[in-house]
Amino acid sequence: MQKVRVRPAISKHQTTGPAKSSNLLYRYGPDLLVVVAMGFLLYKGLFGQSFSDVPGYQCYATAFWRGLSALGPLSSSQCYYVTHPQGSFISTATIIHWMQTYHMPSVIIQFVASQNVNLPFHSLPREYPLPAIIPFSLPLLAPADLYQMAFAVSMAVVAAIIYGLLRYFRSRWAALTCAIYLVIGGWATAVGRFDLIPSLLTLAAVILGVRKRWSQAFALLAIAVTFKFYAISLLFPFLLAQQLTCEEKWKSWRRFAPLAIFGTICIVVAAISISLSVEGTLAPLSYYGNRPFQIESPAASLLWLFHILGAPLYIVYGYASLNIGSPLDPLASLINALLLGAGLVYVWWLQWSNKIDLAASCLLTLLIIIFTGKVFSAQYILWIMPLVAYVEDRNPRWIAAWCLIGGLTTYIFPYLYMSFWNQFNIIADIPFFNAVIALRNLCLICVLASLLYLYSYPYSVKMLLYKKGKK
Numbered sequence: 223m224q225k226v227r228v229r230p231a232i233s234k235h236q237t238t239g240p241a242k243s244s245n246l247l248y249r250y251g252p253d254l255l256v257v258v259a260m261g262f263l264l265y266k267g268l269f270g271q272s273f274s275d276v277p278g279y280q281c282y283a284t285a286f287w288r289g290l291s292a293l294g295p296l297s298s299s300q301c302y303y304v305t306h307p308q309g310s311f312i313s314t315a316t317i318i319h320w321m322q323t324y325h326m327p328s329v330i331i332q333f334v335a336s337q338n339v340n341l342p343f344h345s346l347p348r349e350y351p352l353p354a355i356i357p358f359s360l361p362l363l364a365p366a367d368l369y370q371m372a373f374a375v376s377m378a379v380v381a382a383i384i385y386g387l388l389r390y391f392r393s394r395w396a397a398l399t400c401a402i403y404l405v406i407g408g409w410a411t412a413v414g415r416f417d418l419i420p421s422l423l424t425l426a427a428v429i430l431g432v433r434k435r436w437s438q439a440f441a442l443l444a445i446a447v448t449f450k451f452y453a454i455s456l457l458f459p460f461l462l463a464q465q466l467t468c469e470e471k472w473k474s475w476r477r478f479a480p481l482a483i484f485g486t487i488c489i490v491v492a493a494i495s496i497s498l499s500v501e502g503t504l505a506p507l508s509y510y511g512n513r514p515f516q517i518e519s520p521a522a523s524l525l526w527l528f529h530i531l532g533a534p535l536y537i538v539y540g541y542a543s544l545n546i547g548s549p550l551d552p553l554a555s556l557i558n559a560l561l562l563g564a565g566l567v568y569v570w571w572l573q574w575s576n577k578i579d580l581a582a583s584c585l586l587t588l589l590i591i592i593f594t595g596k597v598f599s600a601q602y603i604l605w606i607m608p609l610v611a612y613v614e615d616r617n618p619r620w621i622a623a624w625c626l627i628g629g630l631t632t633y634i635f636p637y638l639y640m641s642f643w644n645q646f647n648i649i650a651d652i653p654f655f656n657a658v659i660a661l662r663n664l665c666l667i668c669v670l671a672s673l674l675y676l677y678s679y680p681y682s683v684k685m686l687l688y689k690k691g692k693k
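Terminal number for the sequence shown in our numbering: 693, no gaps in between.
Just so you know, these hints were derived from the structure itself, not from any lab.
The structure displayed is predicted, hence computed values, not measured ones.
Certain hints may be false.
Each computed DSSO-like pair below joins lysine-lysine, with the alpha-carbon atoms no more than 30 Å apart [to be verified]: (1) Lys596 with Lys434; (2) Lys473 with Lys434; (3) Lys471 with Lys596; (4) Lys473 with Lys577; (5) Lys434 with Lys471.
Label pairs and their computed distance ranges (CB to CB) [claimed, not checked]: (6) Trp395 with Arg288: 45 to 53 Å; (7) Asn340 with Tyr637: 22 to 30 Å; (8) Pro653 with Asp551: 37 to 45 Å; (9) Arg288 with Ile648: 19 to 27 Å; (10) Asp367 with Ser291: 19 to 27 Å; (11) Asp367 with Val334: 14 to 22 Å.
By construction, the Cβ of each residue, glycine as well, lies at the ideal position given by its N, Cα and C atoms.
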């Protein structure tokens with residue numbers, strides 16, 4: 223007997239069309255106000271300080287599309303780091319010499335030699351991978367004197383998308399918390415750097431991973447890696463989470479299909495980059511591999527403490543940042559390496575033991591990467607703020623702690639930099655500057671240690687809070 227579908231009766235007072243505009247305004251009006259306020263405050267923060275990388279982005283984009291020789295109309299100071307690369311960069315001449323030494327085919331050598339940076343499409347950003355050209359190029363559609371404004375607006379849109387993702391997939395409170403974090407911690411950097419783009423991509427990848435949509439999650443993670451290499455550190459947490467939930471047999475190709483998608487995207491982007499410029503492809507790797515400790519890094523704070531005890535310490539200029547050097551650099555590097563290895567192994571063991579989920583594992587991994595890195599620029603805080611809001615969205619203590627870290631970061635850059643700009647000659651002349659950095663780094667390690675303890679002994683913490691509540 224054939225089944226008959228009966229449509230439910232619809233009252234004449236009801237409608238199946240879209241919700242009334244008044245209901246939509248009531249539902250999403252507060253979110254719209256928050257997004258507008260966030261964008262306005264971040265815009266004011268960028269144009270309220272004198273340090274900005276956006277003019278350099280304009281140089282990178284112009285050089286890529288029109289060649290290095292097209293930078294003439296732009297000021298020489300604006301494009302200084304584009305036209306005067308650091309000595310540690312691997313030049314095309316060095317690459318060709320190396321290829322000739324190892325007797326590589328002449329066709330390949332001629333191909334590399336033909337990549338003239340004065341021609342269009344061959345001058346890649348020396349600090350960033352090839353896809354960074356995308357956010358650098360979009361503001362070129364605006365008049366040249368409005369480039370910085372157009373870039374800020376584009377990054378404000380990215381911040382709004384991050385807010386929307388947290389609002390829809392987590393909670394309004396998480397989205398509001400993230401907006402607060404971005405304003406406090408990214409006051410001078412959120413719309414003046416492009417770090418919100420990989421931050422958005424990693425957040426979206428985590429959201430998809432939590433919902434076990436692994437192919438899309440690994441694809442977004444791969445795209446994030448092609449924008450900024452730090453996201454590669456999240457590959458293992460994603461792979462571990464995917465393998466723990468996968469029901470396919472070990473011999474099944476479907477079990478490793480998401481990983482193959484990740485690898486394919488990275489290889490394709492790398493191949494395109496190499497075809498345009500071998501020198502430009504290798505430049506970001508040599509840039510980060512050869513640079514000294516940046517003055518805001520935790521390792522630099524450790525060296526400063528040793529300096530108080532009598533160890534030599536000196537200022538090192540270069541790499542578009544303020545750095546420090548010391549005879550104890552090898553010791554600091556060794557400590558960093560040990561903390562990095564031990565920290566990552568322990569975090570991933572917590573994830574394998576099901577004590578933390580994918581989001582918490584990614585947050586802890588990034589915290590360890592930042593804390594043990596050579597560089598801790600102010601914009602690095604943008605990498606973790608959306609994940610902090612996603613993982614810990616309603617804990618007042620954590621919100622206060624992260625606001626403190628973000629506030630100290632903003633106080634350091636740009637305000638302390640502007641206050642001490644003419645005094646960065648001798649490390650002894652800036653004790654307050656280094657003390658504030660050390661305080662921020664101390665707060666960061668306290669939060670990291672607290673998170674590791676809470677995730678390691680959740681039952682003990684709950685019992686302690688229960689006993690305090692009874693009292």
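Verification of the supplied hints:
1. Lys596 with Lys434: Not satisfied, since the Cα-Cα distance of roughly 34 Å exceeds 30 Å.
2. Lys473 with Lys434: Status holds; Cα separation ~20 Å.
3. Lys471 with Lys596: violated, 41 Å
4. Lys473 with Lys577: Answer holds: Lys473 to Lys577 is near 28 Å, not above 30 Å.
5. Lys434 with Lys471: holds, 17 Å
6. Trp395 with Arg288: 45 to 53 Å: Holds, since Trp395 and Arg288 (Cβ atoms, about 47 Å apart) stay within the stated range.
7. Asn340 with Tyr637: 22 to 30 Å: violated, 40 Å
8. Pro653 with Asp551: 37 to 45 Å: Given about 21 Å between the Cβ atoms, the range is violated.
9. Arg288 with Ile648: 19 to 27 Å: violated, 42 Å
10. Asp367 with Ser291: 19 to 27 Å: With Cβ atoms ~22 Å apart, the hint holds.
11. Asp367 with Val334: 14 to 22 Å: violated, 37 Å
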